[in-house]
Structure formats: structure tokens, C-alpha cells
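Hints given; two lone chains; assemble the complex.
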Amino acid sequence: MPILSNAEDDAVSAELVAAEGLPWPPSVDDFFLPPVAGPFVTKFSIMIWIAVALLLIFFLTTYRNPKIVPGKGQWMAETLYGFVRDNIAKEQMGTAGIKFAPYLTVLLSFIALTNLFGIVPFLQISPNSHIAFPLVLALISYVLYLGIGMRKHGALGYIKKSLILPGIPWPMHFLLVPIEFLQVFIIRPATLAIRLFANMFAGHLILLVFTVGGFVMLNSESLFIQVASVGAFAMSVLMTFFEALVAVLQAYVFVVLTANYMGDSLATEH
Amino acid sequence: MNVLAAIEGSVNTIGYGLAAIGPAIGVALIFVAYINSSARQPESAGYNRTWLVLGFALVEALALFGLVLAFAVGG
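Protein chains in written order, with the numbering used here: chain A, 1 to 270; chain B, 1001 to 1075.
It is possible that some hints are incorrect.
Computed Cβ-Cβ distance ranges for the label pairs, DEER-style [said to hold, decoys possible]:
1. A:A96 / B:L1054: 19 to 27 Å
2. A:V28 / B:I1014: 14 to 22 Å
3. B:G1046 / A:G157: 35 to 43 Å
4. A:R151 / B:L1054: 20 to 28 Å
5. A:F40 / B:S1037: 47 to 55 Å
6. B:G1022 / A:N219: 34 to 42 Å
7. B:A1020 / A:F174: 30 to 38 Å
8. B:G1046 / A:P102: 23 to 31 Å
9. B:L1018 / A:L175: 26 to 34 Å
10. B:T1013 / A:R64: 47 to 55 Å
11. A:L156 / B:T1013: 44 to 52 Å
12. A:V227 / B:S1037: 43 to 51 Å
13. A:L156 / B:L1029: 37 to 45 Å
14. A:G231 / B:F1031: 40 to 48 Å
Here are the simulated lysine to any residue pairs, SDA-like style, with alpha carbons at most 20 Å apart [stated by the list, open to error]:
15. A:K160 / A:L266
16. A:K90 / B:L1054
17. A:K90 / B:T1050
18. A:K90 / B:R1049
19. A:K152 / A:N219
It should be emphasised that the hints constitute simulated quantities derived from the structure, not laboratory data. We treat Cβ as the ideally placed atom computed from N, Cα and C, and that holds for glycine.
For reference, chain B alone in the conformation it holds in the complex (with noise of 0.2 Å):
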């Protein structure tokens, strides 16, 4: 049989692209509903930014678990 085409590489990259379109569209959602929430209401923008701050940290560690077990396992 003719070898035609060769992939290197493993399929973990594969994994966690795919892992990342959620918590993508997550944190864009935290930060439309921030702006959204600062261009109706400015004074509560600061109040607010905690939630932000929180928010994108905890939507982030979902993608980053993935990374991380694309470097883990069998990688």
C-alpha cells in the first residue's frame, strides 16, 4: 500500500480544540452580559466587575482542564 498522506501528531489537539468552543462562547457570554449591564447601568459597573472577574475565571478553568488532559493523557 502507497503512503499518499501522513498526520503526525495526537489527537489530544484535536480534543481540545473542540473542548474550547464552550467555554469560548461561555466567557463571551459573561462579558456581553457585563458590558450590557454597564452601558444601562454605569454605576453598577463596579460593583459588577467582581462577578466578571469570577465568572471568566470559573467559565476559563473548563477550557484549561482541557488543555491540561490533552498534555496528560497519552499525550
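So here's chain A without its partners, still in its complex pose (with noise of 0.2 Å):
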């Protein structure tokens, strides 16, 4: 026997019953998005051949003549480059580093430019708020940070230089090695995935709640509410220049830690 009868039930959420049509309260299935062509070529796949597209014609056409002085299009190249070999890669990795500059700044372009995706008009969500992206990216970055120290100490001596720390006494090291081994190979590829993956996914259900909350405002019998939706669309508006930030933000923090990992590879002592 049903706790509440139907008319019951309707009467007690009444006043929550949106407007038709609209995808109110925001979910995981508003992430999912009806294919384009076939079961493969979506809407975010289409996202990620533009990024692809994008990045090789900027990089290709700003360095296709390189002057002395520099025009506009090959300093802001020089700038993205420079700024993540001194900043990220020489001072995360050391001189070593400057052999792997080129990757992390085209991560780092990739990164941005797919999660700006999450606030650019008609694409609107960014294709890393689907797991998959990041996690291929991660693991890139774990198969990266592996082999170079396995290539550089041998594979049992990189297990041995990460896993067990000097200086501590021996029966420390039984509660420190399956920690250091979680810490090491598995939860540095899973947080970076995760991180990159759950900001742009938060993100992008902020703007939900408050563009189509909005829109559920708009849509309600009373006046106050109506006017109140402006309070919606206002925040809509400052949640998408923070949006921008984090978008920016978030593609900083996977590349300097992935220099951060593979300088940890990289070093002699643990």
C-alpha cells in the first residue's frame, strides 16, 4: 500500500512542477547528448577535431616564417611556449625538463582550449566534463612519468626509489610502502583525471542551474519570481567569468603536475 495516494502526492509537490519541456532539475543525463552521425561522431567528438584543428593551424601558421622581431602571432606562440618551459618545465624538472617543454605546452593549449569550450556559444560544455578525455590525458601522463624513470633507474630501482623512503626506521616502512605504492601508481593518474574531469562537470552543472533555473523562473505564475529570475541570469553571467577562470586554472594545475610527477621520476633520492 503507497504511503501517499497519487492526489496526495501531487498536491504536496505542486509548487515543484516546472514549466514543460524544460530540463529542470539539471541531471547526469544533460551531459549525454543525442549523436550527430553514427554511433561515434558526437557532439563532443566534433569538439575535439576542432581543438585538434585549431591548435595545429595556430602553431603552425605562427611559426611558419619566425622573424627576429617577432609579429603578434608568433609572440603570443613564443609567450605560451616560454611561459611553460621557465616556469613549469625548468623549474619543475630541472635542465631536463626543456626535452619535454613542447608536450606540456601543447597540453597545456589542449587542456585550455577544450574546457574554454564549456562557456563558447553553441558548444557550450566541454568535452572533458566526459570522463574518457581526461583519463586518456592522465594516463598519457602516467605511462610518461613511468618511463622515464624506469628508463632512467631500471624498473625494480624506480620501485625501490619510490616506494621506500631514507632515513626512517625499518618498521615504518611497513605502513609507508603501500601507501607510498597507492600514492605513486595509482592515485596520481585517478586524481588527475578526476580533478580535470569534476571541475569542468561542476562547472558546467552551475551554469545549468542557474541559466535554465532561470528560464524555470521565468516560466512561474508569480511576478516577484519573474522579476527574481534577473537575480538567476545575473549569476549565470559571473558563474560563466569564473567558469573561464577555472577552465584556465584547471589546464595550469594538470600540466605543472605532470612536470611535478616526471621531475619526481627524474630524481636521484626519493
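In C-alpha cells:
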């Protein structure tokens, strides 16, 4: 026997019934869009292709004829590369890091660009709000820092170096070795992926709440709520600016942490 | 039995709210440290900004794990 009859249920939740056709409240289903062509060509794959094409075009055309006194495009590309090489690669990895600066530059610009797609009109969702894309990027970083470490120290030497801290009494190792193993081999790539994914997921969800919520408020019967919907739209403008900040910040953090892990692998002691 | 009041929704939001207390305090501590150190020694502000951003993102990630799990687990 149901606790509430259907009539009572509708009476209780009558105020919660939003306007027809609006996806309210926003949920995980709003992140799964209908495919564009076939099962694998979705809006997300098209966005990834657009991002790759934009980056290729940008870096190729700005460096087509490099001059001693750079023009605007060349200056922008050089500023970006210089920033990554000096402030990220050299600081985290030392001079051995300059080899990896090109990869880190592309990683930074790719993640920043795909994150910014979350606020670009008509796109308005970041591919990184699906766990697949950050997961692949994090796995590439994972393979990279493991490979660098194992190439420098040998496989067993690398595992020994990362699990065993020097200068502590030996019974502590029973506690520390599992923790270090979890940290280096499991938690680092997982948190890299989940941090990027969760930031983009949460950002999109917040924007959905304020924009769709503003429309829900506009469709209500009370004039006060309709006027108050201006607040919802104003908040969505503010959150768009915040989302732009978060997009670039998360790209920077991803790259800095990747460089840090690689520098950790290259270090001679723990 | 008469139902006098009913709550809709899932416990996940309560769990996320509780889980966000720790990272909120953590982020505040990071910014406190940055503000204090920049006030004592303004020349270090530029150097410390790297660690500010890094620390903030690392701690914020924990709050966001909670948000993701609130949706992913039986939401």
C-alpha cells in the first residue's frame, strides 16, 4: 500500500512542477547528448577535432616564417611556449625538462581550449566533462612519468626508489610502502583525471542550474519570482566568468602536476 | 499511518555537504598562509603564487570528488 496516494503526492509537489519541456532539475542525463552522425560522431568528438585543428593551425601558421622581431602571432606562441618552458618545465624538472616543454605546451593549450569550450556559445559543454578525455590525458602522463623513471633508474630501481623513503626506522616501512605504492601508482593518475573531470562537470552543472533555473523562474505564475529571475541570469553571467578562470586554472594545474611527477621520477633520491 | 511530512531527494547531497567541510577549511588555510606570507614579505608573493595555485587545486579536488560521487553513486 503506498504511503502517499497519488492525489496527495501531486498536491505536495505541485510547487515543484516546472514548466513543461525545460530540463529541470539538471542531472547527469543532460551531459549525454544525441549523436550527430553514427554512434561515434558526437558533439564531443567534433569538438575534439575542432580543438586539434585550431591548435595545429595556430602553431603552424604563427611559426611559418619566424622572424627575429616577432609579429603578433609568433609573439603569442613564443610567450606560451616560454611560459611553459621556464615556469613549469625548468622549475619542476630542471634542465632535463626542456625536452618535454613542447609536449607540456601542447597539453596546456589543448586542455585550456577544450575547457574553454564550456563557455563558448553553441558549444557550451566541455569534452572534459566526460571522464574519457581527462582519463586518456592522465594515462598519457602516467605512462610518461613511469617510462621516464624506469628508463633512468631501471624498472626495479625505480620501484625501489619511489616506495622506500631513506632515513626512517624500518618498522615504519610496513605502513609507508603501501601508502607510497598507492600514491605513486594509483592515486596520481586517478586524481589527475578526476580533478579535471570534476571541475568541468561541476562548472557545467552550475551553469545549467542558473540558466535553466532562470527560465523556470520566468515561467512561474508569480510576478515576484519572474522579476527575481534576473538574479538567476546575473549569476549565470558571473559563473561564466568564474568558469573561464577555472578552465585556464585547471589546465595549468594539470600540466604543473604532470611536470612535477615527471621531475619526481627523474630525481635521484626520494 | 498518516504521513505528516515527506522529504524528497537523495542522501547524496547531505553527504556532499558534509564532505565539503574539510576541503573548504583546507582551501581557507592555504589562502591564509599565502596572504600572511605576502604581507610579511611582499617580494615572495610572485614566487608563492605557484604553490598557492597548486595547493588550491589539490585541495579543491577532494571537494570535487565528493560532488562527483554524489552524482555517480546511486543518484
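Outcome of the hint check:
no.: 1; hint: A:A96 / B:L1054: 19 to 27 Å; verdict: holds, 21 Å
no.: 2; hint: A:V28 / B:I1014: 14 to 22 Å; verdict: holds, 18 Å
no.: 3; hint: B:G1046 / A:G157: 35 to 43 Å; verdict: holds, 37 Å
no.: 4; hint: A:R151 / B:L1054: 20 to 28 Å; verdict: holds, 26 Å
no.: 5; hint: A:F40 / B:S1037: 47 to 55 Å; verdict: holds, 50 Å
no.: 6; hint: B:G1022 / A:N219: 34 to 42 Å; verdict: holds, 39 Å
no.: 7; hint: B:A1020 / A:F174: 30 to 38 Å; verdict: holds, 33 Å
no.: 8; hint: B:G1046 / A:P102: 23 to 31 Å; verdict: holds, 26 Å
no.: 9; hint: B:L1018 / A:L175: 26 to 34 Å; verdict: holds, 27 Å
no.: 10; hint: B:T1013 / A:R64: 47 to 55 Å; verdict: holds, 53 Å
no.: 11; hint: A:L156 / B:T1013: 44 to 52 Å; verdict: holds, 47 Å
no.: 12; hint: A:V227 / B:S1037: 43 to 51 Å; verdict: holds, 46 Å
no.: 13; hint: A:L156 / B:L1029: 37 to 45 Å; verdict: holds, 39 Å
no.: 14; hint: A:G231 / B:F1031: 40 to 48 Å; verdict: violated, 27 Å
no.: 15; hint: A:K160 / A:L266; verdict: holds, 13 Å
no.: 16; hint: A:K90 / B:L1054; verdict: holds, 16 Å
no.: 17; hint: A:K90 / B:T1050; verdict: holds, 13 Å
no.: 18; hint: A:K90 / B:R1049; verdict: holds, 16 Å
no.: 19; hint: A:K152 / A:N219; verdict: violated, 64 Å
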